[in-house]
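Sequences are here, hints too, so could you generate the full structure?
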Amino acid sequence: MIKDQEYLKSKASYCLDLAKKLGATDASVTVGNSISESVSFRNRVLDESNRSDSLAISIETYIGKKRSSISSSNLLDENLKILISKCFETTKITPEDEFNSLPDKDLLAGEIKDLNLYDESHLENDKKIDYLRELEEVASIDKKIVNTESGFTENKSNFILANSDGFCNGYKSSSFSASCVTVAKDENSMERDYEFTSKCHLNDIIDPKNLGKIAAEQTIKKLSPKKIGSDKISIIFDKRIAKGLLSSFASAISSSAIARGTSFLKDKIDQQIFSNSINIFDKPDLIKGMGSQCFDSEGVKSEALKLVERGFLKEYLVDTYNGKKLNLKSNGRSGGGTNLYFENGQISFEELLKIHSRSLYITETIGHGTNIVTGDYSVGANGFLVENGELKYPVSEITIAGNFNDMFKSITLANDLDFKYSVNSPTMMIEGMTVAGK
Amino acid sequence: MSNFFNKSDLTRNDVEEIVSDTLKNCDDGELYFEDSKSESILLDDNKIKSSNYSSDLGFGFRAISDEVVAYSHSNEISKESLKNSSKNLKSTLKSSKGTYNHEIPKTNNKFYEEINPIEQKSLDSKLEVLNKVNDYLRKKDFTVKQVTASFAGEQKSIEIIRSGGEALTDVRPLIRFNVSVMLEKNGRKETGVYGVGGRQSYDEYLKNDNWKNVCEEALRIASVNLESKPAPAGEMKVVLGPGWPAILIHEAIGHGLEGDFNRKKTSAFHDLMGQKVASEGVTIVDDGTLDKRRGSLTIDDEGTPTERTVLIENGILKNFMQDRLNARLMKTKSTGSGRRENYKHIVLPRMRNTMMLSGKQTQDEMIKSVDKGIFAVSFGGGQVDITSGKFVFNCTEAYEINNGKIGSPIKGATLIGDGPSILKEVSMVGNDMMMDPGIGTCGKAGQGVPVGVAQPSILIDKMTVGGTKL
Chain A
2 MIKDQEYLKS KASYCLDLAK KLGATDASVT VGNSISESVS FRNRVLDESN
52 RSDSLAISIE TYIGKKRSSI SSSNLLDENL KILISKCFET TKITPEDEFN
102 SLPDKDLLAG EIKDLNLYDE SHLENDKKID YLRELEEVAS IDKKIVNTES
152 GFTENKSNFI LANSDGFCNG YKSSSFSASC VTVAKDENSM ERDYEFTSKC
202 HLNDIIDPKN LGKIAAEQTI KKLSPKKIGS DKISIIFDKR IAKGLLSSFA
252 SAISSSAIAR GTSFLKDKID QQIFSNSINI FDKPDLIKGM GSQCFDSEGV
302 KSEALKLVER GFLKEYLVDT YNGKKLNLKS NGRSGGGTNL YFENGQISFE
352 ELLKIHSRSL YITETIGHGT NIVTGDYSVG ANGFLVENGE LKYPVSEITI
402 AGNFNDMFKS ITLANDLDFK YSVNSPTMMI EGMTVAGK
Chain B
9 MSNFFNKSDL TRNDVEEIVS DTLKNCDDGE LYFEDSKSES ILLDDNKIKS
59 SNYSSDLGFG FRAISDEVVA YSHSNEISKE SLKNSSKNLK STLKSSKGTY
109 NHEIPKTNNK FYEEINPIEQ KSLDSKLEVL NKVNDYLRKK DFTVKQVTAS
159 FAGEQKSIEI IRSGGEALTD VRPLIRFNVS VMLEKNGRKE TGVYGVGGRQ
209 SYDEYLKNDN WKNVCEEALR IASVNLESKP APAGEMKVVL GPGWPAILIH
259 EAIGHGLEGD FNRKKTSAFH DLMGQKVASE GVTIVDDGTL DKRRGSLTID
309 DEGTPTERTV LIENGILKNF MQDRLNARLM KTKSTGSGRR ENYKHIVLPR
359 MRNTMMLSGK QTQDEMIKSV DKGIFAVSFG GGQVDITSGK FVFNCTEAYE
409 INNGKIGSPI KGATLIGDGP SILKEVSMVG NDMMMDPGIG TCGKAGQGVP
459 VGVAQPSILI DKMTVGGTKL
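Chain order of the listed sequences is A and B. For the first sequence, this note's numbering assigns the number 2 to the initial residue and increments by one for each residue that follows. For the second sequence, this note's numbering assigns the number 9 to the initial residue and increments by one for each residue that follows.
Check each hint, because a few of them may be wrong.
Said to hold, decoys possible - Here are the simulated DSS-like cross-link-like pairs (lysine-lysine), alpha carbons at most 25 Å apart as the crow flies:
id, chain 1, residue 1, chain 2, residue 2
1, B, Lys55, A, Lys87
2, B, Lys129, A, Lys93
3, B, Lys57, A, Lys66
4, A, Lys173, B, Lys352
5, A, Lys228, B, Lys380
6, A, Lys145, B, Lys147
7, A, Lys227, B, Lys470
8, B, Lys477, A, Lys87
9, B, Lys272, A, Lys214
10, B, Lys91, A, Lys4
11, A, Lys87, B, Lys452
12, A, Lys4, B, Lys95
13, B, Lys15, A, Lys4
14, A, Lys228, B, Lys477
15, B, Lys45, A, Lys326
16, B, Lys272, A, Lys186
17, A, Lys87, B, Lys15
18, A, Lys233, B, Lys87
19, A, Lys106, A, Lys267
20, B, Lys105, B, Lys339
21, B, Lys147, A, Lys82
22, B, Lys129, A, Lys330
23, A, Lys128, B, Lys95
24, A, Lys67, B, Lys380
25, B, Lys193, A, Lys267
26, B, Lys45, B, Lys15
27, A, Lys326, B, Lys129
28, B, Lys477, A, Lys227
29, A, Lys326, B, Lys193
30, B, Lys153, A, Lys326
31, B, Lys452, A, Lys186
32, B, Lys380, A, Lys233
Simulated from the structure, these hints should not be mistaken for lab results.
Structural data, given as structure tokens:
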């Protein structure tokens, strides 16, 4: 069983009291417990079972404008005593920073909305095994599939965040996820692809047959890829890749990147950075949302934000420290975005594929070729060549490159948004990028 | 003997009994205790931004039967907690009928000292170095707009208790010192990053004002990038400099030679043992025994002493890297490559220090032989798709080569290639093998472990460069 709120609260207040007694002017504590149980399968037999029970505590102590922190997994009072005094001693010799402080009291979350993030259902390992068996049976029907690996993880967490200004709140959350990775082989090549599902509630996950079927189909389609010539060609990003571009946008508007001056979007508030049709939202209060939260990691209430309106940048993602530096109020985004998404476009996926007679549909990228200082983007990729709205053949061993400043202004979105992840995008087309191949 | 459970209600006898009882019908397995202390101190934006200390104590209990691994970990060290884990493992492996393999090689070697680098340098003197770095860089060059400098230190003590009570221990220090600088000139911003580290005290890396050299190198890379032009796009010849660019070897070849992917036949190399996979003159080893290097280990995380494993000898594929599980299933022996990020993770076969050995040519000869291509000196990171063999890495310092001469610097670009064929495109191997500065972390299945790489300069005849200029 995961530790209850009372236990976590007692640990948190023990730490706060101790820090105060030592002479800390302020302090904040996060204490959490997470239990996860997973089972994995390979080629239709049990491969691994894993149970993890983790306790974690992190404490920040302030002496005026001086701050330092410690973290530990050992919650015995005796150990906490040693660590807190070590933290306090370190704080004493750490230089002052005028922007260090707890969040403004009037910004702290008051009422905690029930976002239905916790499902107390428990799936016994034997039931998880049944799910995976069914999944892999479907995934391995086609003879071209030579390897299947799948896993099911159930996770339950609980936490308390408390600070010396009297904030003390926390809540339980759960997740149920299943994934399937398949390898397909033909005379020319061996390829791998995957599908997965992850939800707060057990009943919302995709059924195993469907999951296995999608993974296998996606993998087989990739067999015998060709390398194409270097070219300027319009690129269509599958939803699972398009969401990555949105994540890069989120890191570029994080108040820390802006305050440090290391973002290509610095000083771009109220300027047009996307094409006119683009709207971007960040909504923390979606019921059962994968990125939902009642407050951020500092206890600040987070409300829905329209980050981009008709292509214009409206807000940064602001926490307390960097907010003070930038003279902005925290908007409850310490720790980044919540449920971040592009509003749907006007046309269907099929119509998007037909806009150009020849384009490239990207289903996977590899490498870390995103530079948020300059906006430069260059990654390895594979996908499919599209001609007249149809996928012609798989393509691999190419790179795609551009700069976000230009790419963001050339985005066209389809209307196929769904909320599979915490960051979500409809299928996306970008024109004017460079493909390097043969 | 150890302090892992002296504050709990467990005695060594209890622990040995529970371990032996849990593993009695299993093929292998162990109880792994880990006590780690770590710190990170960060200067950023002219200020000490954070100073964090962390201590973590926990155990991971593993039971293996045939191909099935059952694992349970917790950071609650008590009889009840250990018994719960034991129960969990037994329920997964209820029909197990294995015979425990007690055999494990021993070593008297030690590749680093049992020091705690965090305690060996006072916080005050660490803060002083960080402030000196900041002042030095900002005074040195007026285009410096941002400086980030950090210390990261760790001491990790482990004890492995096997069925029958055999215990194996190791104490591992690890440090890293890093400097990142951002320049701005005529509205253009570029960054440069450099760092040093390994398994000894901070001062070994900082003596004789060596922090200045780290600053200079970060500054140099950033300055070069300020002048960079768009990179070319398409297939061309690539000369790689010595040292850190060996992450190409790590990505293109290393991961594909890890035992698990080959046992599961999901690696593009699984059916190439004994065959030619690289040009003649290419020899690649993975070595865990180098003194005080970041990727070195006295024993791996299963207790097996590490070794120097020859992966490719003169172009021929010789060995995979193995942990105990994959070695047993592939009927070979562990190469001491079983590693885990910490007690929360299962053991996987991993790289240690992966090196391509020196050949005979000079870097000059390579550059002169190239009509049109690029010269890549430093990289940010890489990734590989094990199954298709396709890998990428990102240049952070590179130049055009035109008619045998090094030309303008080019913007960061991704290079992409095919693992099983790339080493056949190596047409020259330099005589200048160099280790990396000790900053690498390798990620696999969500686990990060410290690794090293080394190589001489090499010439690759054909690779795709992912620039924007057609």
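Results of checking the hints against the structure:
1. A C-alpha spacing of about 21 Å is found between Lys55(B) and Lys87(A), which places the hinted pair at or below 25 Å, so the restraint holds.
2. Only pairs whose Cα atoms come within 25 Å are accepted, and Lys129(B) paired with Lys93(A) is accepted, the gap being roughly 17 Å.
3. Of the supplied pair hints, the one linking Lys57(B) and Lys66(A) holds, its CA atoms being roughly 12 Å apart against a limit of 25 Å.
4. Our distance criterion of 25 Å between C-alpha atoms is met by Lys173(A) and Lys352(B), whose separation comes to about 22 Å.
5. Taking the CA atoms of Lys228(A) and Lys380(B), the gap is about 21 Å. The hint holds against a cut of 25 Å.
6. Under the criterion of a C-alpha separation no larger than 25 Å, the hint pairing Lys145(A) with Lys147(B) is inconsistent with the structure, at around 63 Å.
7. Annotation: proposed proximity of Lys227(A) to Lys470(B) holds, straight-line Cα distance about 17 Å (limit 25 Å).
8. Our distance criterion of 25 Å between C-alpha atoms is broken by Lys477(B) and Lys87(A), whose separation comes to about 55 Å.
9. In summary, the hint linking Lys272(B) to Lys214(A) is supported, as the alpha carbons are separated by about 21 Å, within the 25 Å threshold.
10. Between Lys91(B) and Lys4(A) the alpha-carbon distance is near 18 Å, which keeps this suggested pair within the 25 Å criterion.
11. For the hint linking Lys87(A) to Lys452(B), the alpha-carbon distance of about 34 Å lies beyond 25 Å, and the restraint is violated.
12. In summary, the hint linking Lys4(A) to Lys95(B) is supported, as the alpha carbons are separated by about 20 Å, within the 25 Å threshold.
13. Proximity of Lys15(B) to Lys4(A) is assessed by CA-CA distance (about 22 Å); at most 25 Å being required, the pair is judged to hold.
14. With a C-alpha separation of about 18 Å, the suggested pairing of Lys228(A) with Lys477(B) holds against the 25 Å cut-off.
15. The suggested pairing of Lys45(B) with Lys326(A) is violated, with an alpha-carbon distance near 32 Å, which exceeds 25 Å.
16. Distance hint between Lys272(B) and Lys186(A) is fulfilled; the C-alpha atoms sit about 14 Å from each other, no more than 25 Å.
17. With a C-alpha separation of about 20 Å, the suggested pair Lys87(A) and Lys15(B) falls inside the 25 Å cut-off, and the hint holds.
18. Between Lys233(A) and Lys87(B) the CA atoms are separated by roughly 64 Å; this puts the pair beyond 25 Å, and the hint is violated.
19. As the CA atoms of Lys106(A) and Lys267(A) are separated by approximately 28 Å, the hinted pair breaks the 25 Å bound.
20. Proximity of Lys105(B) to Lys339(B) is assessed by CA-CA distance (about 19 Å); at most 25 Å being required, the pair is judged to hold.
21. Distance check on the hinted pair: Lys147(B) and Lys82(A) sit about 43 Å apart at the alpha-carbon level, beyond 25 Å; violated.
22. Note on Lys129(B) and Lys330(A): the hinted pairing is violated, with a Cα-Cα distance of about 39 Å set against a maximum of 25 Å.
23. The hinted pair formed by Lys128(A) and Lys95(B) meets the criterion: a straight-line CA distance of about 18 Å does not exceed 25 Å.
24. The suggested pairing of Lys67(A) with Lys380(B) is violated, with an alpha-carbon distance near 55 Å, which exceeds 25 Å.
25. Of the pairs offered as hints, the one joining Lys193(B) and Lys267(A) holds, with about 16 Å between alpha carbons and a cut-off of 25 Å not exceeded.
26. Of the supplied pair hints, the one linking Lys45(B) and Lys15(B) holds, its CA atoms being roughly 17 Å apart against a limit of 25 Å.
27. Only pairs whose Cα atoms come within 25 Å are accepted, and Lys326(A) paired with Lys129(B) is rejected, the gap being roughly 32 Å.
28. In summary, the hint linking Lys477(B) to Lys227(A) is supported, as the alpha carbons are separated by about 22 Å, within the 25 Å threshold.
29. The straight-line distance between the Cα atoms of Lys326(A) and Lys193(B) is roughly 24 Å, inside the 25 Å bound, and the hint therefore holds.
30. With a C-alpha separation of about 16 Å, the suggested pairing of Lys153(B) with Lys326(A) holds against the 25 Å cut-off.
31. A hinted pair counts as satisfied when its Cα atoms are at most 25 Å apart, and Lys452(B) with Lys186(A) qualifies at roughly 23 Å.
32. About 21 Å separates the Cα atoms of Lys380(B) and Lys233(A), which keeps this hinted pair within 25 Å; it holds.
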